[in-house]
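Colleague: Construct all of the structure, not just a fragment, from the sequences and the given hints.
Heads up: the sequence shown begins at 72 in our numbering, then just goes up one per residue.
If you are wondering where the hints come from, they were derived from the structure by calculation, not from laboratory data. Please note that the accuracy of each hint is not assured.
Pairs of lysine-lysine residues, derived as BS3-like cross-links and limited to a Cα-Cα distance of at most 25 Å, are as follows [said to hold, decoys possible]:
| # | residue 1 | residue 2 |
| --- | --- | --- |
| 1 | K189 | K268 |
| 2 | K181 | K288 |
| 3 | K140 | K209 |
| 4 | K172 | K140 |
| 5 | K224 | K209 |
| 6 | K316 | K268 |
| 7 | K224 | K250 |
| 8 | K304 | K268 |
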Amino acid sequence: SGRLEEMPGEDGYPAYLASRLAQFYERSGVVQCVGSEDRRGSLTAVGAVSPPGGDLSEPVSQATMRIVKVFWALDSSLAYRRHFPAINWLNSYSLYLDSLKPWYDEHLGKQFMMNRDKSMSILQEEASLNEIVQLVGKDSLSAGDQLTLETAKMLREDFLQQNGFLEVDWYSNYDRQDKMLGMILEYDQRCRAAIAKGADITELFAIPFREKMGRAKTVPDNEYAAVYADMAKEMAQEIDAVAAKGGEDA
Numbered sequence: 072s073g074r075l076e077e078m079p080g081e082d083g084y085p086a087y088l089a090s091r092l093a094q095f096y097e098r099s100g101v102v103q104c105v106g107s108e109d110r111r112g113s114l115t116a117v118g119a120v121s122p123p124g125g126d127l128s129e130p131v132s133q134a135t136m137r138i139v140k141v142f143w144a145l146d147s148s149l150a151y152r153r154h155f156p157a158i159n160w161l162n163s164y165s166l167y168l169d170s171l172k173p174w175y176d177e178h179l180g181k182q183f184m185m186n187r188d189k190s191m192s193i194l195q196e197e198a199s200l201n202e203i204v205q206l207v208g209k210d211s212l213s214a215g216d217q218l219t220l221e222t223a224k225m226l227r228e229d230f231l232q233q234n235g236f237l238e239v240d241w242y243s244n245y246d247r248q249d250k251m252l253g254m255i256l257e258y259d260q261r262c263r264a265a266i267a268k269g270a271d272i273t274e275l276f277a278i279p280f281r282e283k284m285g286r287a288k289t290v291p292d293n294e295y296a297a298v299y300a301d302m303a304k305e306m307a308q309e310i311d312a313v314a315a316k317g318g319e320d321a
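Modeller: This is the structure in structure tokens:
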């Protein structure tokens with residue numbers, strides 16, 4: 072602002088920063104094209120903001136977040152751990168969720184959004200538990216909390232993480248996402264029931280299903296439905312076997 076001989080705003084940025092950003096982003100949406108033919112289409116604007124030091128409280132980031140309705144927070148710590156896309160699931164959000172919920176309920180069933188909400192709850196709980204783990208260690212947690220961490224690990228590594236070198240993992244249709252998420256949450260639910268019966272949590276974490284779930288994203292698109300159905304059956308049998316053994320030992 073000083074170089075332009077204008078009145079500076081916050082941190083030296085122009086006072087009209089927010090309005091100029093809004094002019095850009097508000098160009099997106101449903102548009103009617105200029106010309107003799109009546110043509111309508113949609114325009115999506117994706118902007119990248121790189122604040123110094125990753126400080127999202129600086130003026131450009133704050134002005135942008137007040138305008139847009141979807142925010143992907145890139146996290147350098149995820150990139151260092153080779154977790155791609157390096158999008159922080161706790162800081163990112165979409166304000167279109169409520170608007171899209173009726174579409175998801177109609178085309179995918181109500182369980183899709185319920186599974187999504189449950190998964191987010193597990194990931195948020197993991198963040199809280201990690202603070203405790205850093206102080207007293209994982210072994211001090213209850214069996215239920217250890218299962219929460221293990222389920223969150225599956226959500227992060229087996230569902231959210233993608234392999235850019237594997238073509239089948241570039242994109243997943245909604246049905247595939249629904250089935251993968253459902254299996255992970257069913258594993259969590261069945262394991263909690265098994266723990267209540269006295270099952271050994273280390274054995275639950277070591278069942279063959281866990282390894283197969285780690286490779287589930289590599290299954291070809293024309294085979295995943297049958298493969299996932301078999302995996303779900305095997306998972307139930309393996310957990311029941313561990314639960315039965317725990318009941319006998321008790």
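Colleague: Would you mind marking each hint as holding or not holding in the structure?
Modeller: Hints and how they fare:
With a C-alpha separation of about 23 Å, the suggested pair K189 and K268 falls inside the 25 Å cut-off, and the hint holds. Only pairs whose Cα atoms come within 25 Å are accepted, and K181 paired with K288 is accepted, the gap being roughly 23 Å. Of the supplied pair hints, the one linking K140 and K209 is violated, its CA atoms being roughly 37 Å apart against a limit of 25 Å. For the suggested pair K172 and K140, the alpha carbons sit about 15 Å apart, so the restraint of at most 25 Å is met.
Note on K224 and K209: the hinted pairing holds, with a Cα-Cα distance of about 14 Å set against a maximum of 25 Å. As the CA atoms of K316 and K268 are separated by approximately 9 Å, the hinted pair is consistent with the 25 Å bound. Note on K224 and K250: the hinted pairing holds, with a Cα-Cα distance of about 17 Å set against a maximum of 25 Å. Between K304 and K268 the alpha-carbon distance is near 20 Å, which keeps this suggested pair within the 25 Å criterion.
The structure fails hint 3 only (numbered hints given earlier).
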